[in-house]
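S.K.: Sequences listed follow chains A and B, in order.
At position 535 of the first sequence the residue is numbered 535 (the working numbering), and the sequence of numbers has no breaks.
At position 507 of the second sequence the residue is numbered 1507 (the working numbering), and the sequence of numbers has no breaks.
If you are wondering where the hints come from, they were derived from the structure by calculation, not from laboratory data.
Just so you know, these numbers come straight off a predicted model, no measurement behind them.
Please note: incorrect hints may appear among the correct ones.
Capping the alpha-carbon separation at 30 Å, the derived lysine-lysine pairs in BS3-like fashion look like this [as the list claims (entries may be wrong)]:
1) Lys271/A / Lys1037/B
2) Lys1037/B / Lys231/A
3) Lys231/A / Lys1159/B
4) Lys231/A / Lys1435/B
Quick look at which bits of chain B chain A covers, simulated, 3 or more residues with Cβ under 8 Å [said to hold, decoys possible]:
5) 1187 to 1201
6) 1467 to 1474
Ideal placement from N, C-alpha and C gives every residue a C-beta, glycine not left out.
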Amino acid sequence: MSAVSSGQQTRPMYYLLLLMILQLGLHTAEGVWPLPQTLISSTERFPLSPQAFYFGYGRQSAAQQGCSVLDEAFKRYFSLIFPDYTSAYGILRFSTDKPFTVEVSVDRADCDGYPDENSSERYNMSVFAGRASLKAETVWGALRGLETLSQLVYQDDFGSYFVNKTDIEDFPRFQFRGILLDTSRHYLPVQAILKTLDAMAYSKFNVFHWHIVDDPSFPYQSRTFPMLSSKGAFHPMTHIYTQSDVRRVISYARMRGIRVLPEFDSPGHTKSWGQGQPDLLTPCYKGGIPSGTFGPVNPALPSTYQFMAALFKEVSSVFPDSYIHLGGDEVDFSCWKSNPYVRAFMQKMGFGSDFTKLEAFYMEKIVNITSALNKTSIVWQDVFDYHERIPKDTVLHIWKGTPASYHDELSRMTKAGMRVVLAAPWYINHISYGQDWRNYYTVQPLNFSGTEEQKKLVIGGEVCMWGEYVDATNLTPRLWPRASAAAERLWSDEKQTSNVDKAFPRLQDFRCKLVRRGIQAEPLYVGHCKQEYQGV
Amino acid sequence: MLVLLKFVVLLLALGSGQARQPHVVVEDAEPVFEPSKFGSLWPLPQKLKSTQDAFKLTSFRIVDAKDSSAGPSCNILQNAYRRYYEYMFGAGQKQGVFKLRRSGPSDLTGLQVWITSADSECDGYPSVKSDESCESLPFLIVICLETFSQLVYEDEYGKSVNATIITDFPRFKHRGILLDTSRHFLPIKVILANLETMAMNKFNVFHWHIVDDQSFPYLSRTFPQLSQQGSYHPYTHVYTPADVKMVIEFARLRGIRVVPEFDTPGHTQSWGKGQPDLLTPCYSGPKPSGAFGPVNPILNTTYDFMTQFFKEISTVFPDGYVHLGGDEVDFTCWKSNPDIQRFMDAQGFGQDYSKLESFYIQKLLDIVTTTKKGYMIWQEVFDNGVKLKPDTVVHVWIGGGSNEEMGKVTAAGYTTILSAPWYLDYISYAQDWQKYYKVEPLNFNGTEKQKALVIGGEACLWGEYVDATNLTPRLWPRASAVGERLWSSKDVTDINDAFNRLSAHRCRMVERGIPAEPLFSSYCQREYKGI
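Input sequences plus hints: build the corresponding full structure.
M.R.: Shown next as structure tokens:
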């Protein structure tokens, strides 16, 4: 490459010759990440000019101009397709370029709605001379197609834009493709969340699992219980998410076809809740008297359930998604055991000394609260492991174990007829030296023993970025492009994407695209991007 | 030569007035870390006596003392004043508007910097011989200013500082950071930001591993083809002479030496692209395979090239030392080459290729000696028994047995620096800074005289997995742990106190615009904004 660009000392003839070689060998459209289900491309290429490039709605399209999701997306993708473009460009050279039009057609004009668990993201796209046609059932599918289109366009060494003749049929392998961010262990400024949503759209993720509160802090500013954040946040003014912050995140996500799934984890992981809500947590006892410390939510008091009903009523109206994540993981029983009132309650309920029954009792009541609000509950696997009675429409979330043990868990859960989201292999907050993206890439989510029916119950997977060691300073390079490896596993056909070495150059290319788009995605290995990251 | 930074004295002189109680209230929203009694000082000064007498900083100025030999023309000081003023008070603050408020006895209105030596040396470069105690050379006043800025704290009434006496000096003279600009090109901006952060952590050597196998971004005036052919891109991925000058000056203003490394005879694949015949052609059977190995040590042209090249380097980089590398030489290519074999026979080296390596290094060292530079080399050169000048610095990097190596090197009378335990490119989950912190560099068997030969250490951030996107948060505050180990007294080992101070120090770095990553769940008053 360097030989080609060193124009200064190269004779013109030689230069041209090299250029022609480059033109021949170069781009087939394999540079799309995650890989589309079917992609046929030829080496025939069409020049694109930003002065003569248009997005439009097909005549048959149910959505037409005024469709917020698509109108906004056209603006975004114009800049993503032509990263060098400035308005001065047009003044300098009057364009005689042939026009190129991207014609978008959707079957349903769901322009003001939210993506949901059943939204189709399927699209077909054909690129011809002067025209690309993008067809989708929903606007969300059209968004995925626009992303693919933006990755098909490339620049040659002189900055001219091209796209190859291409035919694509594409749809996700899994419906649920999530990223978890943890805003409790460290507060993430809204800007960091929005940037993550951008990058998610580039990798075709469609669920932002917002682990918004936990033991260390409670940054969600509740309308109903403002004391929760004013006492429980790291700082009551600067380290909170106001209602308008939350609305901004949800609407930003919607524009990118991303669902926002809030998690209010209880009864464990709730230390920060207790500071603003007296009597919510269980007082721990030591030697017959309260020790001054607190344990999980107190399941023995009716006031607990009144509080939870009010809180989840608010949450269900603030967050439009049909899922609410209820947590339910890692409940430590020692404090419950120490408390005489909790023990008395156990006796009264006939639980004996089996505290998992108490936990089950609590979770069931919480699940009933959310069911009454017409929401689907999603809970961590612990809830399934310890209790029998879970409503069938609850979604289970696997987070523990080795490949062998999560495959067993998948078998058991799907056999019980439950829907499952797999996160265990994608705990991306765990870092190590070298190319660990390969581990995330080679996961086989459906490689467990079970019927076809069972496998259909695996609705997807999730990349978790827990926050112990992550804040705004290092979130982005730690997340990208490592999460993109999981994105391809969740979107693309497993057979076509089983070779990790073949994926390597494509992911390297994609990571440079992310950098070009201002996402500080870290390198996979030695090498360079044409445009390096310009920040610090 | 005596130079005084007078702030300590000044604070004491003002200490007689009625002081406000320092405002340290632990809110019921319990912070994860406890404030240290040493506040946020990092690295911890050698001697520190602080009181609870707080002074409010009012209409604060940093000025040259009346009798100081350095005046407004001393750009090191003037730049440092501005920099630290901005760090302490923010750049945008208007001055002199609220003059109405009279300064009271508990107010502190200025910091006087008094350079008492006749020659203020404002135009010099830091060197390995520089004494960095706060009562010493002028261009190292910046180090003391850093300490002062760390004493300043904020409460709802504004900025204050407690009366404090500090006597400070580094335990080790060589406190370095290695950045690798060959595996990935690092834009100048990233290098400068890290020099800035080095100053905040009292590092004083930037070891610039500027070229290697993967790319040759150094634009040589004598041999422009090296970067023209050997860089990732001949225009966008090179360091021009102006870039290099800028880095050196930026470093100088912060009391930081720039030691360039031009590693040979191995690690030189990228050199070969722009300099034909420099590398050894490898053979496959009787024919050249098309691949190349280390620098070809049997050609006179090699040494002519090196002579000219290092002559340039010695003028471009003002530091007294050049790092010559010399690590990880793979002999297989040399073995395959029949010309090399003939040369080996002629020299009587038999089959011992380390003798050939020594032959090369010996000649290289002689070349560099004529440029009046000292040199640093990786430990293999010493291990292979190459004859070294007495002032050679041997760089110990091989993990496992590094204590024995330190013993051997110092027993042979050479100065040495330690990097083996501080390869920061190796990452792992959780608080690995503690591992770096717990290293004791002098923990090897040897006499006092031997231990005195250990002049310091370096944290190395090799570039295989690091570029502008992730360098800064990966380096800081993990390197800060090394910084304190190399600066502070040997007995500063309290890991809990270190955690508390380092947490605060990392938030200060964040506040100053450096994306230093967190140590553990917690928060900074002002989170990173540069997203």
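S.K.: Next step is simple, just say for each hint if it's right about the structure.
M.R.: Results of checking the hints against the structure:
no. : hint                 : verdict
1   : Lys271/A / Lys1037/B : holds (28 Å)
2   : Lys1037/B / Lys231/A : holds (26 Å)
3   : Lys231/A / Lys1159/B : holds (26 Å)
4   : Lys231/A / Lys1435/B : violated (35 Å)
5   : 1187 to 1201         : holds (count 4)
6   : 1467 to 1474         : holds (count 7)
Hint violations for this structure: number 4 only, all remaining hints satisfied.
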